[in-house]
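All chains should be built: construct the whole structure from the sequences, respecting the hints.
Top to bottom, those sequences are chains A and B.
In this text, residue positions in the first sequence follow the working numbering: the first is 1, and each later residue adds one.
In this text, residue positions in the second sequence follow the working numbering: the first is 1, and each later residue adds one.
Rather than coming from a laboratory, the hints here were simulated on the basis of the structure.
Careful, some of the hints might be misleading.
Identical copies carry no separate label here, and so any pair may be met within one copy or between two of them.
[Unchecked claim] Below, simulated SDA-like cross-link-like pairs (lysine to any residue); rule was C-alpha separation at most 25 Å, straight line:
#, residue 1, residue 2
1, K192, R315
2, K396, A378
3, K98, L288
4, K192, M227
5, K229, E314
6, K98, A132
Number of protein chains: 2
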Amino acid sequence: LLSQSEVQRIVRRGVREIISEAEFITMLQSGRPLRLKMGFDPSRPDIHLGHVVGLRKLRQLQELGHQVILIVGDWTAQIGDPSGQSVTRPMLTHDEVKANAESYLRQFFKVVDRDRTQVEWQSQWFGQFTLADVIRLTSRFTVAQFLERDDFAQRFQEHRPIAITELLYPLLQAYDSVAIRSDVEFGGSDQKFNLLVGRQLQGMLGQTPQQCFLMPLLVGTDGVHKMSKSLGNYVAVEEPPNDMYGKLMSLPDALIAPYFEYLTGVPDEELAELSRSLADHSVNPMELKKRLAWDITRQFHDAGAADAAQQHFERVVQGRDIPEDIPQFAWAAGSAERRWSALLVEAKLATSVSSAKRLLGQGAVELIRLSGETQPVAGDAPAQDLRPGDVIKVGKRRFVRLVGP
Amino acid sequence: LLSQSEVQRIVRRGVREIISEAEFITMLQSGRPLRLKMGFDPSRPDIHLGHVVGLRKLRQLQELGHQVILIVGDWTAQIGDPSGQSVTRPMLTHDEVKANAESYLRQFFKVVDRDRTQVEWQSQWFGQFTLADVIRLTSRFTVAQFLERDDFAQRFQEHRPIAITELLYPLLQAYDSVAIRSDVEFGGSDQKFNLLVGRQLQGMLGQTPQQCFLMPLLVGTDGVHKMSKSLGNYVAVEEPPNDMYGKLMSLPDALIAPYFEYLTGVPDEELAELSRSLADHSVNPMELKKRLAWDITRQFHDAGAADAAQQHFERVVQGRDIPEDIPQFAWAAGSAERRWSALLVEAKLATSVSSAKRLLGQGAVELIRLSGETQPVAGDAPAQDLRPGDVIKVGKRRFVRLVGP
Numbered sequence: 001l002l003s004q005s006e007v008q009r010i011v012r013r014g015v016r017e018i019i020s021e022a023e024f025i026t027m028l029q030s031g032r033p034l035r036l037k038m039g040f041d042p043s044r045p046d047i048h049l050g051h052v053v054g055l056r057k058l059r060q061l062q063e064l065g066h067q068v069i070l071i072v073g074d075w076t077a078q079i080g081d082p083s084g085q086s087v088t089r090p091m092l093t094h095d096e097v098k099a100n101a102e103s104y105l106r107q108f109f110k111v112v113d114r115d116r117t118q119v120e121w122q123s124q125w126f127g128q129f130t131l132a133d134v135i136r137l138t139s140r141f142t143v144a145q146f147l148e149r150d151d152f153a154q155r156f157q158e159h160r161p162i163a164i165t166e167l168l169y170p171l172l173q174a175y176d177s178v179a180i181r182s183d184v185e186f187g188g189s190d191q192k193f194n195l196l197v198g199r200q201l202q203g204m205l206g207q208t209p210q211q212c213f214l215m216p217l218l219v220g221t222d223g224v225h226k227m228s229k230s231l232g233n234y235v236a237v238e239e240p241p242n243d244m245y246g247k248l249m250s251l252p253d254a255l256i257a258p259y260f261e262y263l264t265g266v267p268d269e270e271l272a273e274l275s276r277s278l279a280d281h282s283v284n285p286m287e288l289k290k291r292l293a294w295d296i297t298r299q300f301h302d303a304g305a306a307d308a309a310q311q312h313f314e315r316v317v318q319g320r321d322i323p324e325d326i327p328q329f330a331w332a333a334g335s336a337e338r339r340w341s342a343l344l345v346e347a348k349l350a351t352s353v354s355s356a357k358r359l360l361g362q363g364a365v366e367l368i369r370l371s372g373e374t375q376p377v378a379g380d381a382p383a384q385d386l387r388p389g390d391v392i393k394v395g396k397r398r399f400v401r402l403v404g405p
Numbered sequence: 001l002l003s004q005s006e007v008q009r010i011v012r013r014g015v016r017e018i019i020s021e022a023e024f025i026t027m028l029q030s031g032r033p034l035r036l037k038m039g040f041d042p043s044r045p046d047i048h049l050g051h052v053v054g055l056r057k058l059r060q061l062q063e064l065g066h067q068v069i070l071i072v073g074d075w076t077a078q079i080g081d082p083s084g085q086s087v088t089r090p091m092l093t094h095d096e097v098k099a100n101a102e103s104y105l106r107q108f109f110k111v112v113d114r115d116r117t118q119v120e121w122q123s124q125w126f127g128q129f130t131l132a133d134v135i136r137l138t139s140r141f142t143v144a145q146f147l148e149r150d151d152f153a154q155r156f157q158e159h160r161p162i163a164i165t166e167l168l169y170p171l172l173q174a175y176d177s178v179a180i181r182s183d184v185e186f187g188g189s190d191q192k193f194n195l196l197v198g199r200q201l202q203g204m205l206g207q208t209p210q211q212c213f214l215m216p217l218l219v220g221t222d223g224v225h226k227m228s229k230s231l232g233n234y235v236a237v238e239e240p241p242n243d244m245y246g247k248l249m250s251l252p253d254a255l256i257a258p259y260f261e262y263l264t265g266v267p268d269e270e271l272a273e274l275s276r277s278l279a280d281h282s283v284n285p286m287e288l289k290k291r292l293a294w295d296i297t298r299q300f301h302d303a304g305a306a307d308a309a310q311q312h313f314e315r316v317v318q319g320r321d322i323p324e325d326i327p328q329f330a331w332a333a334g335s336a337e338r339r340w341s342a343l344l345v346e347a348k349l350a351t352s353v354s355s356a357k358r359l360l361g362q363g364a365v366e367l368i369r370l371s372g373e374t375q376p377v378a379g380d381a382p383a384q385d386l387r388p389g390d391v392i393k394v395g396k397r398r399f400v401r402l403v404g405p
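Here you go:
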């Protein structure tokens, strides 16, 4: 039997909500190895720190003897959710799914224990699914119930299209829970509706309803939006050490405490102390951020690589002579066709396109990467391959830091 | 090439709406044999005059060389439409569908030409339908489009459940049109939405979109509601001659003209004349009703049976000495457990339950059937097996006629 404090460490830290917490604790204390379900969209094989919050919870439970079942969503990937688009995506080929699954698993097993993980493809059950199965499944829920899901409700309200197919998505995900007899499903808190449908469906079909672990959504390096690949505010788990360390050093101070909580093993008491010292300014946030960046870099590489990344940062990046408080420029990833001259004007580094072109012609413009690498900007080419955290330097003393949109 | 007046006879008489009439006329005049689609719900194998309106139109087109394709809806029958219930029905067994289809066809071929009819079961295509097929089909329409269908809109508005399965119904019916390459689909005007989905889907899949023939809904013998088995206001095509004739004689006068129009071959000019004479009271409606009842009885039996039914009616029913203008009692089929004493009170044939019981004890109560048969009502049993048109007689001079609810 787990102690009260061990249970608390499982159900509180890095968890937004458990439905139902009481039932989960009973399950946990029964001593039976639990089947922990996690879904994976094979059209998005990249894992970043936003996903790691949940993976760490899986790992924590594996260490108590529980079993992870990873669902390769080769069928739901066709539908997309919540897409906001009324088109389905083409079915990935078996080889594409396999390649993406291999890439995903390589990243997944950086956190999760391979020996206590079982991988199941949806095609094992949906490959044989008949129209009769679809009819049985769809007969159990109403249109109104599904239109209550936040994103559906909003799109319906705003007269934006919802394909009938999209109503199938939560049903298929729910059926996965039945197929693998899930005890606990894990998802971001924006997955609450889908996880609850699984819980209900299991009950309807005579299985013990799964418990739903809703994980907090990690805010990305921009300090504003949920971490996401498409917003460019992410730290990938396969990031090279210097980039990982550097990106974490660009975090706004407000994210230091949540990142420690969700992404490190720093004990709860120390976490509380650390939040206090940040609040009363008794610590330099830069020092805590270095500890955080070192800890996370060590997790995905090793202590040596983390040391080296820290030294690199201190030598090259901190030595770049970029002042602490330089202006920020909110830069949209979508505007990659824009030329440097236009970018300099928008970033208020030049007063007109012609003066911007003059500066570029004089070789007065430099791009300083997060890694510390400095690239001269020659001529008025399209300003491509920019990343949040990059600094544009004009002349000796004018700087602007790019931030996410 | 058909003459203008022949075309008008096809597109006007007994038709509520054609989508699109112009396209249909072009198809008709092309000389190509058309594939005329009609669906059949094998959970409801009984044909009444309400269905005959459409079947007569099929026959009319068959006589010009076109081909009927009858779809046995063994898959859609599981869903039900529009059910108002969120449960699906159990799948009928193959043998049940076969038995019901045989019964249906026996009735169907009383109107439709067997030699120009092809029968197709939905299981031929839906038996092999996969989840991928369902995804492809459901991706083409939005939830909002389907919730615009009148009955869905109303139920959604009133917070009554619509199972997600029910959204599949129009899609399956539409796919039938694709599977059999339908040129024209026939349905009641309440089927407009479903027929149009078929038309759209064919277009999306590169077929020539079907034309939609929407038939008028025939009002039943109660003169109020759409003819329907569950309301008891129907005339079945397998009704014995005396019953068929008698039921038609119980029609309200307002239905004489539409029944002539939709259910007989009386020429248009004569139809106009007949409506005029009813309007200016220059004809006794009873005489026209006899002609109508004779004509329809002849269609489903023969002239000899129609003659005999007419004689029976004149001798037995008209000879029953039931006055013309007796009170009507709106009787609900659902209240079959009600005892005779209660019924007599409700019908105002007795002032109290105790006086009703006294009348029953005295043998003063009789039930006179539409066929003319008279049954004494003995004792205070539950009042079962009543039918619209039956007359309750108390003593010598008091009558009440049962009408549909």
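Going through the hints against the structure:
1. K192 <-> R315: neither (45 Å within a copy, 75 Å between copies)
2. K396 <-> A378: Answer is within; shortest intra-copy Cα gap is 17 Å, inter-copy 115 Å.
3. K98 <-> L288: neither (40 Å within a copy, 77 Å between copies)
4. K192 <-> M227: Classified as within; 18 Å inside a copy, 48 Å across copies.
5. K229 <-> E314: neither (27 Å within a copy, 86 Å between copies)
6. K98 <-> A132: between (29 Å within a copy, 19 Å between copies)
Taken one by one, the earlier hints fail for this structure at numbers 1, 3 and 5, listed in ascending order.
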